[in-house]
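J.: Since each chain comes alone in its own frame, lean on the hints to assemble the complex.
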Amino acid sequence: MAADVQDDLAPTRPAIWNDPRYRAVFYQVLVLAAVLLAGAYIVNNTLENMERRGIASGFGFLTKTAGFSIDLHLIEYKEENSYGRAFLVALINTLLVSAIGIVITTVLGFVIGVARLSNNWLIAKLAAVYIELLRNIPLLLQIFFWYFAVLRILPSPRESHNAFDAIFLNIRGLFTPKPVFEPGFSAVFIAMVVALVGVIFMVRWAHKRQEETGQQFPKFRTSFAILIGLPLVAAMLAGFPLSWEYPVLKGFNYQGGLRMIPEFVALVLALSTYTASFIAEIVRAGILAVSQGQSEAASALGLSRGHTLRLVVIPQALRVIIPPLTSQYLNLTKNSSLAAAIAYPDLVLVFAGTALMQTGQAVEIIAITMAVYLTISLVISALMNWYNTRMALVER
Amino acid sequence: MTDAAHTYQPGQHPDLPPPSNAVGILAWLYKNLLSSWLNATLTISAAYLLFLSIPPLFQWLFFDADWVGETREVCSREGACWVYIIFWFKQLMYGRYPDAELWRINSAYVLLVLAAIPLFIPGFRWKQWIGVFLFFGYPIIAFYLFVGGSFGLTHVESPLWGGLFLTLVIALVGIVTSLPIGIILALGRRSSMPIIRALCIGFIELWRGVPLITVLFMASVMFPLFMPEGVNFDKLVRALIAVTLFSSAYMAEVVRGGLQAIPKGQYEGAQALGISYWKMMALIVLPQALKLVIPGIVNTFIGLFKDTTLVLIIGLFDFLGMAQLVGTNPDWVGFRIEGYVFVGAVFWIFCFSMSRYSQHLEKKLHTGH
Numbered sequence: 123m124a125a126d127v128q129d130d131l132a133p134t135r136p137a138i139w140n141d142p143r144y145r146a147v148f149y150q151v152l153v154l155a156a157v158l159l160a161g162a163y164i165v166n167n168t169l170e171n172m173e174r175r176g177i178a179s180g181f182g183f184l185t186k187t188a189g190f191s192i193d194l195h196l197i198e199y200k201e202e203n204s205y206g207r208a209f210l211v212a213l214i215n216t217l218l219v220s221a222i223g224i225v226i227t228t229v230l231g232f233v234i235g236v237a238r239l240s241n242n243w244l245i246a247k248l249a250a251v252y253i254e255l256l257r258n259i260p261l262l263l264q265i266f267f268w269y270f271a272v273l274r275i276l277p278s279p280r281e282s283h284n285a286f287d288a289i290f291l292n293i294r295g296l297f298t299p300k301p302v303f304e305p306g307f308s309a310v311f312i313a314m315v316v317a318l319v320g321v322i323f324m325v326r327w328a329h330k331r332q333e334e335t336g337q338q339f340p341k342f343r344t345s346f347a348i349l350i351g352l353p354l355v356a357a358m359l360a361g362f363p364l365s366w367e368y369p370v371l372k373g374f375n376y377q378g379g380l381r382m383i384p385e386f387v388a389l390v391l392a393l394s395t396y397t398a399s400f401i402a403e404i405v406r407a408g409i410l411a412v413s414q415g416q417s418e419a420a421s422a423l424g425l426s427r428g429h430t431l432r433l434v435v436i437p438q439a440l441r442v443i444i445p446p447l448t449s450q451y452l453n454l455t456k457n458s459s460l461a462a463a464i465a466y467p468d469l470v471l472v473f474a475g476t477a478l479m480q481t482g483q484a485v486e487i488i489a490i491t492m493a494v495y496l497t498i499s500l501v502i503s504a505l506m507n508w509y510n511t512r513m514a515l516v517e518r
Numbered sequence: 021m022t023d024a025a026h027t028y029q030p031g032q033h034p035d036l037p038p039p040s041n042a043v044g045i046l047a048w049l050y051k052n053l054l055s056s057w058l059n060a061t062l063t064i065s066a067a068y069l070l071f072l073s074i075p076p077l078f079q080w081l082f083f084d085a086d087w088v089g090e091t092r093e094v095c096s097r098e099g100a101c102w103v104y105i106i107f108w109f110k111q112l113m114y115g116r117y118p119d120a121e122l123w124r125i126n127s128a129y130v131l132l133v134l135a136a137i138p139l140f141i142p143g144f145r146w147k148q149w150i151g152v153f154l155f156f157g158y159p160i161i162a163f164y165l166f167v168g169g170s171f172g173l174t175h176v177e178s179p180l181w182g183g184l185f186l187t188l189v190i191a192l193v194g195i196v197t198s199l200p201i202g203i204i205l206a207l208g209r210r211s212s213m214p215i216i217r218a219l220c221i222g223f224i225e226l227w228r229g230v231p232l233i234t235v236l237f238m239a240s241v242m243f244p245l246f247m248p249e250g251v252n253f254d255k256l257v258r259a260l261i262a263v264t265l266f267s268s269a270y271m272a273e274v275v276r277g278g279l280q281a282i283p284k285g286q287y288e289g290a291q292a293l294g295i296s297y298w299k300m301m302a303l304i305v306l307p308q309a310l311k312l313v314i315p316g317i318v319n320t321f322i323g324l325f326k327d328t329t330l331v332l333i334i335g336l337f338d339f340l341g342m343a344q345l346v347g348t349n350p351d352w353v354g355f356r357i358e359g360y361v362f363v364g365a366v367f368w369i370f371c372f373s374m375s376r377y378s379q380h381l382e383k384k385l386h387t388g389h
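Taken in sequence, the protein lines are chains R and H. If you want the working numbering, it's the position in the first sequence, counting the first as 1, plus 122. If you want the working numbering, it's the position in the second sequence, counting the first as 1, plus 20.
Check the hints yourself; a few may be wrong.
To be verified - Okay, the calculated bits of chain R under chain H, using three or more residues with CB under 8 Å as the criterion:
#	segment
1	169-177
2	231-244
3	267-279
4	455-465
Unchecked claim - List time: in silico DSS-like cross-link candidates among lysine-lysine, alpha-carbon distance up to 27 Å:
#	chain 1	residue 1	chain 2	residue 2
5	R	K200	R	K300
6	H	K383	H	K311
7	H	K383	H	K284
8	H	K383	R	K247
9	R	K247	H	K51
10	H	K147	H	K383
11	H	K311	H	K299
12	H	K384	H	K284
13	R	K372	R	K300
14	H	K147	H	K299
15	H	K255	R	K456
16	H	K384	R	K247
Unchecked claim - Partner residues are not named here, just some residues of chain H that face chain R (Cβ under 8 Å, in silico):
#	residue
17	A66
18	V241
19	T329
20	F367
These are calculated hints, taken from the structure and not from any lab test. Idealized CB from N, CA, C, for every residue including glycine.
The following block holds chain H by itself, in its conformation from the complex (with noise of 0.2 Å):
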């Protein structure tokens, strides 16, 4: 008791604060960056690196670049010609669709904006009907708006589709027709009919064997020998068919790792109850594999989004294509890079986006067990 300031009762002493070596931004910067001898020197390489290499980035990309003008004399050249892509921003983002008509592509855009929104709000009661609305009634607007002659729409010629609009199009085409038709393949596939599963088997790895390349070719020259005489089809409608084909065998493969993840008892019960096949796998098998399989479906979506570029191989002038188009125009010759740079950033947006958000539902739906 004489020195009250340094005796405690055993347990009474007041937490004391940590070492000043082990907090702070000293501490922060030691422990991260200069532990060791090796690390210090990474570091101090890296930092360089970087010093070398993002302030001129900065200084191309913002601010010697020239964002104001209507021609190319108005770019030094010293930095990044943005004046290019505000240019030909409209066929970057519409390729030749008639002026007087892109308020019908804006429109499904918003349509489609507002259809989604619902679908992040949490607790929103209707879900699963605006889903539903998504994916039959959607696309059956969406198509009238675009290709038009009917309701007293002009009609547009899909040679005239291009940009942007083109490459979304292809993209939710693909994924829209490869759902249904990959879990079709994915229930053949865990068929116990042989001839089934074996067609199914053949088919999902014939497509996941090759590259979509020749799956593009292979419809670009070979579906008109297919057709009888005078039936034809426009060059789109054969990408699609192509890209379709080609992503509901990878979407197959995403929702048979589905299937394969339900526990045997469910099904087992679901016989149990004299539930039919259909019923059981509509009403207990699918709607738990596909919810597993979101992350998947995501993925795969941003695979096809990705690949949907190879259609300008074959003559469609989907946003690359047209930003490769706008290169080579005589009056705008030299600057390619800001177009790759523009494109690779929106194809960046999505994607990363998109991921993000698969990240994010594969945590918020995994429930665990």
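Just chain R, with the same shape it has in the complex (with noise of 0.2 Å):
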């Protein structure tokens, strides 16, 4: 008996199908053989089907000519273009709209946020119905709301909401006014850069001040006059070389002056007021992180309110802001795609819609688009990753 156990317990090799390495490396590659043979059978169906439907293959559409127009174009695009310039102007209006959207959502929410958490309860129980009835509609009927249901419904260009006889609000867009640089706005323009880097240099020396005399030198104060200053005393000197340009009306439209065309207006209106919901929940969600403790330490310590929101709770709150708060900033970007659905030329409509349509050639183009929103989301993911390394907690 004694001796069969001792048998049982010599080390023995366990045969080949139950040995854990081979078994994960017979798995794995039964898994890639299928995932390989799939993809072959796939791309074998959509080569024999493109010839059989005569579809052409491969980027050589993007040279040729587009011939179609493009209502929104922030660079130089007419019909003649090729479908690359094409695609160039939707991908900027894309990222245009999402741009705009960005700083728009962030102060919302961040106002919205800190409403939610106000001493004031009707504040704060306003903020709260904001938040709960937007992220609880869908984005999409959000945008047709502000689209269909106010924009479309504006008067007339003649019959325009004005406000200062400035800006006007009818059913053709938003006019606003458009600043006009003249010749001499470069002195302005390099008056602003000499700032900024004066900025920069002026608060490398006050931190290295600090650290050697233990001396604070007023460096918000002193940035503000340099930042403001400087430009003001060059373009006084060069003698205000800007002007405005204004929307005039002249016949069944207004002229002149920037215009915003409806279909932008209604997507950044949407995107921001509902991304805006949930970076207020962020938001307060970050502030009530940090546990109140360190404000009461703050100002055991002898630190003025405005020092303990700036050096001890927002820094904190940020940490645990910021990453949500990315993520938020890429669903924003993802989700100007739904542009399609109100015809604001973005890179969903123009180039997964229109040129898909004129060319056929759909592998292509979607391989395109999609390559186009993953290579910003893995850009801002990666940038996010970075961040949250250099912000961790250093725990010593």
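T.: Written out as structure tokens, the structure reads:
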């Protein structure tokens, strides 16, 4: 009996099909083979189908003439331009609506998030109603609402809503004055750059001096003065080389000024108000995550209320806020693709819509479109990871 | 002892009522609304804004609204025209599903509600079996009821499906299919086999990195190219595949969060007992992990439910798509707002109650350590 046990305990090599290492290799080869086979099957079918339907392949179409117009183009674009140019125009439109949406939604989200925590009962409840209302209604419905129910029933240009005779809102869009840079403006621009560089050096010097001598320097006020003052002086010397071009009613529409098409206004409004409801909750959670003890300790050390906020509470709250905030920015950018539903000329509408219909090259066009969004996502998440490792608590 | 009314032994003094400026409605008003000048200004301006907006809103929604009638002529245009919603109610709910067959959809709804009720009764014994039925049995029954073509039911083609019914079908199919796929992907992502891990990470990050619209576009224009000649997918099936691909990637990340929260000791304990990988996952790790992430799953479902509206872009008439469609009817021009308000209210009720339920679950399941 004892000898038997001894024999059982002797190390034995398991059979090859029971060895976890060989099993792992076997399963992986199996899965890889299945994936490759499925891929080959799909590629093969696609090639056959494309040949049968006479669809061209390859990316040659990018240099061909597009032949359609795009309502909103920040860079020069005409119907004779190529598909590649149209792609660039559409990409810029997507980035434009995302960038402006992100700025507005950040401001709105922070204000509402702070309001949600206000001591004022009425303000806190209003913020809560805003959040619960907006984030539980589909974004597409909100875009439709702004576009079809609000902006489409605006008056004609002759009866536009008017603010200070400078900003006009009508069914053709939102018209605002446009800055016109006159020749001397480069001096102001140079002054701005100089001021910015000066502020950076000043802050560095102030930090160094504080570390060496302990004396503080009014950094904020000084940089404010430099940033405003220097360009102002330059502008005065150059004789204020900036004028505004006002929109003027001519015939059936306004001419001049800056025109924002209604699709753009609706999209920015819907995207930023919707995303703000999520950001508000993130901001609230971030502020609540900083424990009361932190601010109590700061006031026990004699820090003023402003210093407590700036040096103790906000840096800790931001550590909690920033990662989910970036993913909301990413969501906003991805959601800007809903532009296709109200015909704002973004990447999806122009490229995956019009260009696809005209060329029929579904595979290439969808692949490019997806690759663009994927690149944006991966870049933003890489930046976020970098930020996270930099900001992570260093435990001592 | 001379002045008994004012002299007490230490600790014998009866409790006094709180000062009058610390309790009652006035104190509450002072503390919450008027504690400083800034606060008072905010309160007054907010109250003024509410005064400006709420009465006209209610006036439009209820008091001036038209509730009964058959044609647009009864609508005075002073308030909301709910006649419009009542007139198109069937289309908004069921799309163009044949009238004679509507009982099939309704009975599927009733069956779903009846089966789901026991899940909310605390202490009900066969909850697991109900869950299994809802996940495996119910979809099969619902499929035969909706599609028909057998058991004496006439076949109803999917282009006739629409309205809230289609929205619910897409959302429920999305959740039922994405949960198992998401679990597999999450396990793959945490696997020690490099090739499997790489494949799962690639799959998850690909679908999470692109907007749902591009996935739907891909499904509608590229899937037909992927299939051999003669095989043709229904448009609805293509949308369902797209939604499943998309939401399973999100589900995988939710489940991964749960898997990461399970302490290492649970895995090691199972391995020490000689339990195989799949048994360890199915019997020990996943039950704990899934319980942890139920709120996350509900949140994913809310997101999916709202995102189903995007199918209208590829030409399916879901709830919102139907509202858009009837809004363009020449006999009923100019009532889009009513349509949006109605659709928005229904979505809001669904999503808000689900998010409240998920918060409730979060509290209930937070058993704490």
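J.: Against each hint, give a clear statement of whether it holds in the structure.
T.: Right, here's what the structure says about each hint:
Requiring three or more residues with a Cβ within less than 8 Å of a Cβ of chain H, the coverage given for the segment 169-177 of chain R holds, as 4 such residues are present. Residues of the segment 231-244 of chain R with a Cβ under 8 Å from some Cβ of chain H number 5, which satisfies the need for three, so the listed coverage holds. As drawn, the segment 267-279 of chain R meets chain H at 3 residues by the rule of a beta-carbon pair under 8 Å; at three or more, the given contact holds. Three residues within the 8 Å Cβ limit are the bar, and the segment 455-465 of chain R against chain H gives 6, so the coverage statement holds.
Between the alpha carbons of K200 (chain R) and K300 (chain R) the distance comes to roughly 23 Å, so the proposed pair stays at or under 27 Å and holds. A hinted pair counts as satisfied when its Cα atoms are at most 27 Å apart, and K383 (chain H) with K311 (chain H) qualifies at roughly 12 Å. Pair hint K383 (chain H) plus K284 (chain H) holds up; C-alpha atoms about 25 Å apart against a cutoff of 27 Å. The hinted pair formed by K383 (chain H) and K247 (chain R) meets the criterion: a straight-line CA distance of about 22 Å does not exceed 27 Å.
A C-alpha spacing of about 15 Å is found between K247 (chain R) and K51 (chain H), which places the hinted pair at or below 27 Å, so the restraint holds. For the given pair, K147 (chain H) sits about 20 Å from K383 (chain H) by alpha-carbon distance, which is consistent with the 27 Å threshold. About 17 Å separates the Cα atoms of K311 (chain H) and K299 (chain H), which keeps this hinted pair within 27 Å; it holds. Taken as a hint, the K384 (chain H) and K284 (chain H) pair is honoured in the structure, with Cα atoms around 24 Å apart against an allowance of 27 Å.
Of the pairs offered as hints, the one joining K372 (chain R) and K300 (chain R) holds, with about 17 Å between alpha carbons and a cut-off of 27 Å not exceeded. The suggested pairing of K147 (chain H) with K299 (chain H) holds, with an alpha-carbon distance near 22 Å, which does not exceed 27 Å. Taking the CA atoms of K255 (chain H) and K456 (chain R), the gap is near 24 Å; set against the 27 Å cutoff, the hint holds. Of the pairs offered as hints, the one joining K384 (chain H) and K247 (chain R) holds, with about 25 Å between alpha carbons and a cut-off of 27 Å not exceeded.
Evaluation of the A66 (chain H) hint against chain R yields a held restraint, the C-beta minimum of about 5 Å falling below 8 Å. For V241 (chain H), the interface hint holds, the least distance from its beta-carbon to any beta-carbon of chain R being 4 Å, beneath 8 Å. With 8 Å as the threshold, the beta carbon of T329 (chain H) comes within range of chain R, its nearest partner Cβ sitting at about 4 Å, so the hint holds. Checking F367 (chain H) against chain R: minimum C-beta separation of about 6 Å stays under 8 Å; hint holds.
Of the numbered hints given earlier, the model fails none.
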